[in-house]
Amino acid sequence: MIHMNAPPAVELRHITKRFGSKVVANDHVDLEIRRGEILSLLGENGSGKTTLMNMLAGIYFPDEGEILIDGEPVTIASPADAFSFGIGMIHQHFKLVDVFTAAENVTLGMHEEGYDLKAVAARIREICDKYGFVIDPQKKVYDMSVSEKQTVEIIKVLYRGADILILDEPTAVLTPQETDRLFSVMRNMKADNKAMIIITHKLHEVMDVSDRVAVLRKGKYIGDVRTKDTNPQKLTDMMVGHAVTLNIDRPLPVDPTPRLEVKNLTVFDALGVKRLDNVSFTANGGEILGIAGIAGSGQKELLEAIAGLQPIQPGASIVFHGLKGDVASEELVGKTPLQIKRAGVHLAFVPEDRLGMGLVGSMGMTDNMLLRSYRSGRGFFADRKTPKKLAEEVKEKLEVVTPSITFPVRRLSGGNVQKVLVGREIAQNPSVLMTAYAVRGLDINTSYTIYNLLTEQKQKNVAVIYVGEDLDVLLELCDRILVLCGGQVSGIVDGRTTTKEEVGILMTRFRKEGAAV
Amino acid sequence: MKEHKSGHEPLLRIVKRDGISRGKAYAIRIAAVLISLLVSGIFIFAVTKLNPAAVYQAMFDGAFGTKRRVWVTIRDTMMLLCIAVGLAPAFKMRFWNIGAEGQVLIGGILTAGIMRAMGNTMSTPLLLIVMACASLICGAVWGMIPGAFKAIWNTNETLFTLMMNYVAIQLTSYCVALWENPFGSNTVGVINQKTQAGWFPALFGQTYGLNVLLVLLLAVGMYVYLKYSKQGFEIAVVGDSENTARYAGISVKWVTIRTMAISGAICGFAGFIAVAGASHTISTSTAGGRGFTAIIVAWLAQFNTFVMILISLLLVFLQKGAIQIASQFNLNDYASDVITGIILFFILGSEFFINYRLVGHGKEGEGK
Numbered sequence: 047m048i049h050m051n052a053p054p055a056v057e058l059r060h061i062t063k064r065f066g067s068k069v070v071a072n073d074h075v076d077l078e079i080r081r082g083e084i085l086s087l088l089g090e091n092g093s094g095k096t097t098l099m100n101m102l103a104g105i106y107f108p109d110e111g112e113i114l115i116d117g118e119p120v121t122i123a124s125p126a127d128a129f130s131f132g133i134g135m136i137h138q139h140f141k142l143v144d145v146f147t148a149a150e151n152v153t154l155g156m157h158e159e160g161y162d163l164k165a166v167a168a169r170i171r172e173i174c175d176k177y178g179f180v181i182d183p184q185k186k187v188y189d190m191s192v193s194e195k196q197t198v199e200i201i202k203v204l205y206r207g208a209d210i211l212i213l214d215e216p217t218a219v220l221t222p223q224e225t226d227r228l229f230s231v232m233r234n235m236k237a238d239n240k241a242m243i244i245i246t247h248k249l250h251e252v253m254d255v256s257d258r259v260a261v262l263r264k265g266k267y268i269g270d271v272r273t274k275d276t277n278p279q280k281l282t283d284m285m286v287g288h289a290v291t292l293n294i295d296r297p298l299p300v301d302p303t304p305r306l307e308v309k310n311l312t313v314f315d316a317l318g319v320k321r322l323d324n325v326s327f328t329a330n331g332g333e334i335l336g337i338a339g340i341a342g343s344g345q346k347e348l349l350e351a352i353a354g355l356q357p358i359q360p361g362a363s364i365v366f367h368g369l370k371g372d373v374a375s376e377e378l379v380g381k382t383p384l385q386i387k388r389a390g391v392h393l394a395f396v397p398e399d400r401l402g403m404g405l406v407g408s409m410g411m412t413d414n415m416l417l418r419s420y421r422s423g424r425g426f427f428a429d430r431k432t433p434k435k436l437a438e439e440v441k442e443k444l445e446v447v448t449p450s451i452t453f454p455v456r457r458l459s460g461g462n463v464q465k466v467l468v469g470r471e472i473a474q475n476p477s478v479l480m481t482a483y484a485v486r487g488l489d490i491n492t493s494y495t496i497y498n499l500l501t502e503q504k505q506k507n508v509a510v511i512y513v514g515e516d517l518d519v520l521l522e523l524c525d526r527i528l529v530l531c532g533g534q535v536s537g538i539v540d541g542r543t544t545t546k547e548e549v550g551i552l553m554t555r556f557r558k559e560g561a562a563v
Numbered sequence: 526m527k528e529h530k531s532g533h534e535p536l537l538r539i540v541k542r543d544g545i546s547r548g549k550a551y552a553i554r555i556a557a558v559l560i561s562l563l564v565s566g567i568f569i570f571a572v573t574k575l576n577p578a579a580v581y582q583a584m585f586d587g588a589f590g591t592k593r594r595v596w597v598t599i600r601d602t603m604m605l606l607c608i609a610v611g612l613a614p615a616f617k618m619r620f621w622n623i624g625a626e627g628q629v630l631i632g633g634i635l636t637a638g639i640m641r642a643m644g645n646t647m648s649t650p651l652l653l654i655v656m657a658c659a660s661l662i663c664g665a666v667w668g669m670i671p672g673a674f675k676a677i678w679n680t681n682e683t684l685f686t687l688m689m690n691y692v693a694i695q696l697t698s699y700c701v702a703l704w705e706n707p708f709g710s711n712t713v714g715v716i717n718q719k720t721q722a723g724w725f726p727a728l729f730g731q732t733y734g735l736n737v738l739l740v741l742l743l744a745v746g747m748y749v750y751l752k753y754s755k756q757g758f759e760i761a762v763v764g765d766s767e768n769t770a771r772y773a774g775i776s777v778k779w780v781t782i783r784t785m786a787i788s789g790a791i792c793g794f795a796g797f798i799a800v801a802g803a804s805h806t807i808s809t810s811t812a813g814g815r816g817f818t819a820i821i822v823a824w825l826a827q828f829n830t831f832v833m834i835l836i837s838l839l840l841v842f843l844q845k846g847a848i849q850i851a852s853q854f855n856l857n858d859y860a861s862d863v864i865t866g867i868i869l870f871f872i873l874g875s876e877f878f879i880n881y882r883l884v885g886h887g888k889e890g891e892g893k
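Residue numbers (this note's numbering), protein chains in the order written: chain A, 47 to 563; chain B, 526 to 893.
Please keep in mind that the hints were generated in silico from the structure rather than gathered at the bench.
Ideal placement from N, C-alpha and C gives every residue a C-beta, glycine not left out.
Wrong hints could be hidden among the right ones.
Unchecked claim - Taking lysine-lysine pairs in the DSS-like style, the calculated list, with each CA pair at most 25 Å apart, reads:
#	chain 1	residue 1	chain 2	residue 2
1	A	Lys266	B	Lys541
2	A	Lys431	A	Lys387
3	B	Lys778	A	Lys381
Said to hold, decoys possible - Stretches of chain A that chain B covers, calculated by requiring three or more beta carbons in the stretch to come under 8 Å of a beta carbon on chain B:
#	segment
4	393-401
5	419-431
Let the hints inform the model, and build the full structure from the sequences given.
Here is the structure:
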């Protein structure tokens with residue numbers, strides 16, 4: 047590399063950031079970012095990656111430590127400061143104006159002389175050609191797919207002359223094919239001597255795209271390694287701090303019998319947009335049925351429709367078959383969640399929106415356990431003794447970190463919130479267990495705990511429906527995988543024999559290139 | 526190389542506290558009250574050149590100077606408390622019921638109407654029960670109307686309940702005109718002045734004893750209802766997240782309507798107390814803005830009905846004191862409003878310091 051002797055693009059020295067007096071998000075972190083290099087920042091959720099990057103982007107201000115750009119100490123007190131040093135961050139959640147075109151979004155907030163959209167469009171094309179992006183500057187954001195929106199975000203920071211780029215989980219919303227395209231763009235930018243930091247949880251992506259990996263654990267800097275000198279197992283051990291087995295035990299389903307038969311399910315959302323289009327499938331007891339698809343392909347609506355939370359178009363049927371001697375077959379369409387419960391159908395549901403649907407954020411663990419059982423017992427008053435016991439059990443079994451079981455769950459970390467929710471749902475002894483993104487935000491250890499819990503449920507002859515985003519996990523965990531694309535079932539494949547490529551193609555099967563997702 | 530300019534480091538940063546001991550929180554609140562008294566003292570002296578201590582003394586006299594004043598203060602406190610207790614379940618459900626004013630008036634109209642019409646037909650205890658039931662039911666209906674509209678058609682409850690106030694005020698004006706006594710006075714006058722039929726009897730030898738008893742019972746009942754009952758739990762869940770409520774099989778519509786019925790009923794009951802237990806007449810000012818003041822009470826108390834007792838007392842004290850200093854020192858009414866404003870500002874502002882603290886530039890972020 048030509049700049050071997052030049053100072054690193056960014057050097058962080060002893061950076062510390064606290065939230066309140068108890069939470070230390072970053073504890074004396076040292077980090078170097080070099081030009082012409084892609085650095086992966088790796089760490090479990092809550093290890094302080096995003097906080098650290100936010101300090102570089104001017105969103106937070108460090109409590110201690112210093113930042114050096116090209117060897118000179120600087121103060122970054124606002125995003126405008128960050129820009130003046132050539133630092134641009136592409137956030138997980140896009141910050142674009144929907145009714146504006148790509149070009150308008152790119153110039154938004156720039157204080158240039160004159161306002162010439164044609165010149166802007168020309169420069170955008172220039173940037174696209176240089177790095178291999180494909181985007182139409184005149185296209186409105188609301189017409190764009192997720193990956194196009196992301197492209198606009200990246201162009202936005204390049205347009206402002208950023209040469210230090212931070213990408214916060216850019217691949218979470220992309221299909222495998224789109225991810226490959228993003229990585230090739232990143233390699234082009236690397237060749238142009240830009241410094242890049244990518245935050246991702248997917249180890250195979252780390253191995254694929256980065257030159258160097260820096261690991262954070264619980265806010266502390268653990269170390270960095272060259273990507274070519276390491277492997278996923280070593281990286282996981284660094285992240286977690288001890289050796290972890292990355293294998294999911296997948297026993298063959300024992301005597302699977304149909305538990306839930308879904309036929310011709312069509313759902314429109316409140317705005318009249320078709321979210322599910324004639325979906326039919328069967329979920330068997332004793333089996334994990336995976337549901338794959340790009341975010342927003344109808345996963346949420348599918349689970350909510352089964353749970354009685356979505357108005358369903360006429361002509362559909364969802365039939366529940368109980369165990370022999372238990373409940374007879376029961377039609378779920380047209381029933382409210384309470385009616386489904388009263389019919390004796392034990393439906394456990396871990397929704398995607400944990401605090402907005404699964405839990406009550408302002409309440410503690412006890413009251414959140416009460417949510418499922420408060421009707422039990424006669425009389426006017428709610429029984430809090432049983433939920434309290436359950437809360438203590440869940441806290442112990444899943445190692446929930448909380449000051450007390452009455453502490454508002456909203457103030458727990460994402461992983462702990464999820465543990466509370468999953469713990470409560472499994473405790474119901476369900477006969478159908480539906481989970482949406484059950485491990486999102488969980489660290490590797492807890493993720494595997496959850497996988498094992500799901501497999502345990504499957505062995506208890508529960509029909510498990512697992513909506514997931516990580517294809518590697520879907521392929522390792524599920525017996526069958528249903529792929530959704532634009533609200534339609536684009537295929538149901540065998541989890542043991544299918545490949546990532548096959549699922550990836552099914553995920554985009556019905557999608558017109560460039561259409562809104 | 527790029528030119529490196531250094532940005533400004535922020536002078537003060539706001540840091541969220543992660544919990545504060547109860548004692549410390551109250552210390553902050555008491556400090557806020559003391560500072561507010563100091564600031565209003567400066568204001569009093571700067572504007573009127575009066576001795577602030579004398580003014581505070583006068584305020585105290587206004588609220589507690591004589592036995593009668595003490596009881597009037599207690600009566601008004603109970604009235605305010607009763608409405609705030611009525612608002613508590615609606616607000617806990619995040620249903621912005623600002624229609625208490627109208628719900629109180631409806632209860633008041635019914636009470637006054639029954640008192641006039643049936644004063645001679647039944648004994649006072651029976652009459653009181655009939656009037657209480659009527660005001661509860663009509664208050665409930667008055668509350669259920671916006672509740673049902675919100676539940677079924679998702680109308681905006683803030684506007685709806687506010688508009689219902691004006692309907693209630695017009696209804697009251699109509700009744701006042703209808704029941705005018707003596708003719709031409711444009712008031713209803715004191716109803717049943719001679720027979721005192723339908724008036725609250727003295728309890729424990731105190732004119733307002735029954736007011737205190739009824740309202741405190743309601744306050745305790747509401748506390749238990751919200752905290753321990755199944756319905757109270759449903760209200761809390763709906764208030765936090767309607768989606769979670771639906772997920773748990775709670776009928777959001779039904780809970781919304783039911784809770785507004787309870788809220789309206791208690792506010793209607795407050796109208797009953799106002800007429801049968803205090804003024805023995807009805808006018809458009811029977812509610813007297815308390816329906817709005819009670820919102821402040823409910824919020825400041827974080828819907829804890831026991832804390833509401835203290836807050837109601839404080840607000841009534843400030844109001845009585847303000848009237849006293851206005852007349853005693855010949856001050857404009859606005860001067861006393863300013864003092865009330867300063868005190869409330871500091872009390873509300875102290876909540877910021879209970880949730881956050883400021884860290885100066887260069888200091889360690891420890892602060893323990």
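So, going through the hints one by one against the coordinates:
Taking the CA atoms of A/Lys266 and B/Lys541, the gap is about 22 Å. The hint holds against a cut of 25 Å. With a C-alpha separation of about 22 Å, the suggested pairing of A/Lys431 with A/Lys387 holds against the 25 Å cut-off. Proposed proximity of B/Lys778 and A/Lys381 is supported: the alpha carbons are some 16 Å apart, at most 25 Å. Proximity of the segment 393-401 of chain A to chain B, defined as three or more residues with a beta carbon under 8 Å from a beta carbon of that chain, is established by the 4 residues found.
With 5 residues bearing a CB less than 8 Å from a CB of chain B, the segment 419-431 of chain A meets the requirement of three and the coverage assertion stands.
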